[in-house]
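Fit chain P to the known structure of chain E by using the hints.
There are 2 protein chains.
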Amino acid sequence: MRMWCQSCREEYKEKDAGTCKECYEEASETEEELKREIEDLKAKVSFLRLCPPVDPHLPNTNADLLLYGVSESHEEAKSTLTPAVPAHRAVLISRSPVFKAMLETEMEENKSGMIKIYDVSYEVLRSFVKYLYTAEVLLDEQMACDLLILAEKYQVKHLKSFCEKFMTSKVNNENAIASYAFAHQHHAKQLIEAALSSIIENISTLTEREEFKELLERDPRLVVEIYEAYLTRQVNTAEK
Amino acid sequence: MRMWCQSCREEYKEKDAGTCKECYEEASETEEELKREIEDLKAKVSFLRLCPPVDPHLPNTNADLLLYGVSESHEEAKSTLTPAVPAHRAVLISRSPVFKAMLETEMEENKSGMIKIYDVSYEVLRSFVKYLYTAEVLLDEQMACDLLILAEKYQVKHLKSFCEKFMTSKVNNENAIASYAFAHQHHAKQLIEAALSSIIENISTLTEREEFKELLERDPRLVVEIYEAYLTRQVNTAEK
Numbered sequence: 001m002r003m004w005c006q007s008c009r010e011e012y013k014e015k016d017a018g019t020c021k022e023c024y025e026e027a028s029e030t031e032e033e034l035k036r037e038i039e040d041l042k043a044k045v046s047f048l049r050l051c052p053p054v055d056p057h058l059p060n061t062n063a064d065l066l067l068y069g070v071s072e073s074h075e076e077a078k079s080t081l082t083p084a085v086p087a088h089r090a091v092l093i094s095r096s097p098v099f100k101a102m103l104e105t106e107m108e109e110n111k112s113g114m115i116k117i118y119d120v121s122y123e124v125l126r127s128f129v130k131y132l133y134t135a136e137v138l139l140d141e142q143m144a145c146d147l148l149i150l151a152e153k154y155q156v157k158h159l160k161s162f163c164e165k166f167m168t169s170k171v172n173n174e175n176a177i178a179s180y181a182f183a184h185q186h187h188a189k190q191l192i193e194a195a196l197s198s199i200i201e202n203i204s205t206l207t208e209r210e211e212f213k214e215l216l217e218r219d220p221r222l223v224v225e226i227y228e229a230y231l232t233r234q235v236n237t238a239e240k
Numbered sequence: 001m002r003m004w005c006q007s008c009r010e011e012y013k014e015k016d017a018g019t020c021k022e023c024y025e026e027a028s029e030t031e032e033e034l035k036r037e038i039e040d041l042k043a044k045v046s047f048l049r050l051c052p053p054v055d056p057h058l059p060n061t062n063a064d065l066l067l068y069g070v071s072e073s074h075e076e077a078k079s080t081l082t083p084a085v086p087a088h089r090a091v092l093i094s095r096s097p098v099f100k101a102m103l104e105t106e107m108e109e110n111k112s113g114m115i116k117i118y119d120v121s122y123e124v125l126r127s128f129v130k131y132l133y134t135a136e137v138l139l140d141e142q143m144a145c146d147l148l149i150l151a152e153k154y155q156v157k158h159l160k161s162f163c164e165k166f167m168t169s170k171v172n173n174e175n176a177i178a179s180y181a182f183a184h185q186h187h188a189k190q191l192i193e194a195a196l197s198s199i200i201e202n203i204s205t206l207t208e209r210e211e212f213k214e215l216l217e218r219d220p221r222l223v224v225e226i227y228e229a230y231l232t233r234q235v236n237t238a239e240k
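Protein chains in written order, with the working numbering: chain E, 1 to 240; chain P, 1 to 240.
Isolated chain E, as found in the complex:
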């Protein structure tokens, strides 16, 4: 008797045995079930998405808040506002404990219906609001960086972790030190780990770089952490 794999239909030898028939069938069923669950969850996500009122000039958005990005110019000692991004109190309150506190108390923003956010561009602010409505945003490295900062400020955990995952997937030799410093500043553990691994792998070349010297100047504790991680890894490798 010869054995045929029920999955790829090819003949195989005893030493290449994977599972028995029963477990194969069970696994196929499990996979089907998981796929059905995914379909259900996707339908739920698309049901729960809200249409963001991105354009303040559209009628009937019923938006009861306006958000503005503010950039301060020190030279001219004045600040400039981005165009307004409309939003709904109910949505912002649901998504962020910071907005919740701001909009459920007698704070200035609650009374005026205007929220000013410093050092953020119109584009980033729009993407931020869009994410609060849809849990969707198109990221590049700069946008991920900017949105992570906003997400941390307003405690929008889901967005922060979304940006952090994206940045983690982009860590390389070139940006490892910058990513490491950024991740520390914004308490992004997963990104710290990824950047640290990348730094340790290339430690001999990276320590020669200008950025590394700047990091040492600015925050020597971070450099200590790098060396400690490097030494721990050496010990672990030696033990194996």
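Calculated from the structure, these hints are not laboratory results.
What you are looking at is a predicted structure, and each value in this text was computed from that prediction instead of being measured.
There's no promise every hint is true.
Intra- or inter-copy, both count: the list cannot distinguish identical chains.
List of simulated lysine-lysine pairs, DSBU-like, C-alpha gap at most 30 Å [claimed, not checked]:
{"id": "1", "residue 1": "130", "residue 2": "111"}
{"id": "2", "residue 1": "21", "residue 2": "100"}
{"id": "3", "residue 1": "78", "residue 2": "153"}
{"id": "4", "residue 1": "153", "residue 2": "42"}
{"id": "5", "residue 1": "153", "residue 2": "213"}
{"id": "6", "residue 1": "15", "residue 2": "189"}
{"id": "7", "residue 1": "15", "residue 2": "165"}
{"id": "8", "residue 1": "157", "residue 2": "116"}
Same frame as chain E, but now just chain P:
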């Protein structure tokens, strides 16, 4: 050499072979990936859920609409309103094309901020609104029935299919005829199929029932459909 199943760890014979090693490993990886996707989607669902402003007496809900259930009493020729269920225009507009049309035009409801829904109890209305905010509701058979009707009226497809699935899972000999008539009335295909199957299986006893005779009186075409399905099944069985 003996073969051990990599999944259940038990020894098996050639004829009980399931998969080769490679396919087993691939399947495990796929399963892990699917599970991760499920986790991500669950987090997205919980991020996108909104807190429904169920109690109109709570401050700071920012609700800009009030929904009322209306029941008409023919005897006393007057109608009574349920307590108000508060809601946000932005949410209702996102979830239902009917509410969207109502609230984006110069209709009475838009101006007054009051929506009256006929023949619905306070409990059902609350559950309906809760679902629009959270995609969650606790169903029993009556609630599924009532919410399906509302979901059809306001074209909330996701809720309709949620209720239909629930009702389909509850079809049995006792409720098959009633389910069948209900499903036809509300264009619930999946439920029609399930009820029809159940009726056909027990056709000899069910045709004797009072309900069946009532159905024949009320809508003879539905009874024709039952007999046609029964005959088709008989022919198919005979051919096999």
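Taking the hints in turn, this is what the structure says about them:
1. 130 - 111: So residue 130 and residue 111 pass the 30 Å test inside a copy (23 Å) and across (28 Å) alike.
2. 21 - 100: Answer is neither; intra-copy 55 Å and inter-copy 53 Å both fail.
3. 78 - 153: Within one copy, since 24 Å is at most 30 Å while 54 Å is not.
4. 153 - 42: both (29 Å within a copy, 24 Å between copies)
5. 153 - 213: within (29 Å within a copy, 67 Å between copies)
6. 15 - 189: neither (42 Å within a copy, 50 Å between copies)
7. 15 - 165: Classified as neither; 39 Å inside a copy, 46 Å across copies.
8. 157 - 116: within (21 Å within a copy, 38 Å between copies)
Hint violations for this structure: numbers 2, 6, 7, all remaining hints satisfied.
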